[in-house]
Amino acid sequence: MDISDCTLSTCPVSLSRIGFLPNLGGNAFMVAWFGIILVAQIVLAIRYKTWSYLVGQACGLVLEVVGYVARIRLRDDPFNNQTFIVYIVTVTIAPAFLCYTIYLCFGRIVLIYGPHVSLMPHRTYTIIFVTLDIICLILQAGGAAWSQADGLNPQDLDRALDLLRAGLGLQCASLGLFVLLSLDMGIRVLRNRSIWDTRYAHVRQHRAFTYFLMGSFAAAVLILARSAFRVEELRNGFNAAGDNAEVLFMVFEGAMIGLAVLLQTIFHPGYILDGEWRATSFFTKQPGAQHSQERAAEGESGSSLQALQKNGHE
Numbered sequence: 001m002d003i004s005d006c007t008l009s010t011c012p013v014s015l016s017r018i019g020f021l022p023n024l025g026g027n028a029f030m031v032a033w034f035g036i037i038l039v040a041q042i043v044l045a046i047r048y049k050t051w052s053y054l055v056g057q058a059c060g061l062v063l064e065v066v067g068y069v070a071r072i073r074l075r076d077d078p079f080n081n082q083t084f085i086v087y088i089v090t091v092t093i094a095p096a097f098l099c100y101t102i103y104l105c106f107g108r109i110v111l112i113y114g115p116h117v118s119l120m121p122h123r124t125y126t127i128i129f130v131t132l133d134i135i136c137l138i139l140q141a142g143g144a145a146w147s148q149a150d151g152l153n154p155q156d157l158d159r160a161l162d163l164l165r166a167g168l169g170l171q172c173a174s175l176g177l178f179v180l181l182s183l184d185m186g187i188r189v190l191r192n193r194s195i196w197d198t199r200y201a202h203v204r205q206h207r208a209f210t211y212f213l214m215g216s217f218a219a220a221v222l223i224l225a226r227s228a229f230r231v232e233e234l235r236n237g238f239n240a241a242g243d244n245a246e247v248l249f250m251v252f253e254g255a256m257i258g259l260a261v262l263l264q265t266i267f268h269p270g271y272i273l274d275g276e277w278r279a280t281s282f283f284t285k286q287p288g289a290q291h292s293q294e295r296a297a298e299g300e301s302g303s304s305l306q307a308l309q310k311n312g313h314e
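Numbering-wise, this note's numbering puts 170 at position 170 of the sequence shown, and it's gapless, one number per residue.
Treat the hints with care, as some may be off.
[Claimed, not checked] Label pairs and their computed distance ranges (CB to CB):
| id | residue 1 | residue 2 | range |
| --- | --- | --- | --- |
| 1 | S52 | D150 | 35 to 43 Å |
| 2 | Q82 | I42 | 57 to 65 Å |
| 3 | R193 | G275 | 42 to 50 Å |
| 4 | V179 | E232 | 13 to 21 Å |
| 5 | L248 | R278 | 35 to 43 Å |
Just so you know, the hints here were simulated from the structure itself, not pulled from any lab data.
Ideal Cβ placement from N, Cα and C applies to all residues, glycine included.
Make the full structure from the sequences, and use the hints.
Structure, rendered in structure tokens:
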């Protein structure tokens, strides 16, 4: 049936691509939530000069706002294909930009503890995950846009959905790998306390640094859960019952991403890293493992000497 000329007065809403009228209150809340977080991120970026972090956060948050505004507009005209495309594309790809900011922070965490502690150099981590993130973004955007093209035959629709699912699946795999490597890094850090890089001891001593690590990890897990949900709901296409269940959408899409950006804002790296955001960037030259171990040993020796001198005076 051709629904291009449908309106709410002539066709049942179940024939629309979204299949229901989005809840005004819930979607308006998400618009306000992401809007407030966006303002907070801009203020924090200006305060701490974390411009690269702001790029990812701003892109992701603006897309979230646009996506939920589109959902609200679908209440008035659920048969508007252009509005549905805006909603699908923006909400689908927004988390990829948020993942980018998580990966930026992880490379810095590696530097803060030292190259001899991590499995790979900080640049290698960043290159791997940002590259995967870009591929995810391309696949998701392409698949989502293609799936909503006018006059698409069933075969092409299946291909478009396969492309979209591939992008979301790759995002799940990328985040899963990130979680595993984060756990590996955590184990290595705990086992090598005596050889942490002394240059960034003041950062590690920040009272909220541990919460920053936990918050970044939790944000990644939340986005992973959201991506897994999106893969499952698209298994049978956009008209599947799971895709049209707004409660599930608001929980696994809205709440998951909403909590993730809240954690990324409360534990903002500009504040937590104590002014070392630029000093620990991708372009920072990483010292060799031997050099870092020597610095750690010097720091440990210096601390021991100070302790002996203090005891002598007593």
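Each hint tested on the structure:
1. S52 / D150: 35 to 43 Å: 38 Å, holds
2. Q82 / I42: 57 to 65 Å: 29 Å, violated
3. R193 / G275: 42 to 50 Å: 24 Å Cβ-Cβ, so the 42 to 50 Å window is violated.
4. V179 / E232: 13 to 21 Å: 19 Å, holds
5. L248 / R278: 35 to 43 Å: The hint (35 to 43 Å, Cβ to Cβ) holds, given that L248 and R278 are roughly 42 Å apart.
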